[in-house]
Amino acid sequence: MSWCAPVKLSEGVLVGSVCVAVSATLRYEPRDPGLPARSADFPRQMDNITVRQGESALLKCQIDGRVTRVAWLNRSSILYAGGDRWTLDRRVSLASHTPSEYSVRIAGVTAHDEGPYTCSIQTQNHPKTSQVHVIVQVPPKIVNISSDVVVSEGSNVTLVCVATGRPDPVLSWRHLSQSALEFEEGEFLDIESIRRDQAGEYECSAANEVSAPDVRRVRVSVKYAPTITEARSVGVPVGRSVMLRCEAQADPSASFTWFKEDRRLLNGLAGLHIQSSGRHSLLTFVNVTEETYGNYTCVAANVLGASNASMLLYSPGSVRDDNNGGSAKAVASPWLLLHATFLLLILAQTISCN
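Per UniProt numbering: the sequence shown = residues 1 to 354.
A couple of the hints might just be wrong.
[To be verified] Estimated spans, in silico, between C-beta atoms of each pair: (1) Arg91 with Val162: 25 to 35 Å; (2) Ser277 with Ser318: 48 to 58 Å; (3) Asp148 with Phe183: 37 to 47 Å; (4) Arg90 with Val160: 48 to 58 Å; (5) His273 with Gly186: 50 to 60 Å.
No lab work stands behind these hints, which were simulated from the structure alone.
Think of the CB as a built atom: it goes at the ideal place given N, C-alpha and C, for glycine as much as any other residue.
All chains should be built: construct the whole structure from the sequences, respecting the hints.
Right, dumping it as structure tokens:
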């Protein structure tokens, strides 16, 4: 019996092909003529083999005394013919060569080893074959995920996560927040009109039954214009010190400016002190006088916009505007709006220069 097969110097390098007559003869004891004859389906068809990547695969071929020659092939490449090695792959070895079994072992299986393998035998009558399919299970691995993204509030965001594995891994997304919101499965995560509370880390998980899931994360930063969240009116008698507080949420952080009526206040003038840090700005008067009382406005601005709120500094017991007595109130002074626009232009110019 003869086989033709490609000859490779190393994996993936084909240098030619060769056809040979295989003369390897299996040693066996003749079958007792008194035993019943085997069925016509000899050799028995083999079940498919499922093996995890990195493990060993054992390919068994059941034979009997009628076999005169035997070989294992991977597609058209001969692995072993009788006791002779044909493959250059050192991971493949002859595991069993007996009158009843002819087996080869593949160590450190990879995805490239998946496919059909054929046990080819020669009897006194004619050649026969039995085929087995090796299925390689591969753990999930995320091979590509979106980079960290920075967007403005209200924008549409699409995150992508690509993974390999066998069976194909199932991809799922999760927002790493207090609510730990989970989304529909799939490679893509679409967020329409994103809000500031949707900023943070998003986790992609690729899972199949082969091993533990592979997990990667991407950070989404949402930029938005300032929103003033605290600006309270205060009542204080003459001669005392007092502090007006303005707080704003913004990303990037807001710059604060203070006004009394339409006049901008400067730090250190007329016994006042302005201190701004992060989300807060404090306007402090060391010694309140009658001239100190009045309406004060805090303007918070960044490159995306501006917000302002007014608060009243008054003498306890005096008549004041109840609508302004304990919370922030937006003001619509044209001069202040013009000033806020001017601040935005300065901020934008500073960022572009940097």
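Here is what the structure says about each hint:
no.: 1; hint: Arg91 with Val162: 25 to 35 Å; verdict: 29 Å, holds
no.: 2; hint: Ser277 with Ser318: 48 to 58 Å; verdict: 32 Å, violated
no.: 3; hint: Asp148 with Phe183: 37 to 47 Å; verdict: 18 Å, violated
no.: 4; hint: Arg90 with Val160: 48 to 58 Å; verdict: 40 Å, violated
no.: 5; hint: His273 with Gly186: 50 to 60 Å; verdict: 55 Å, holds
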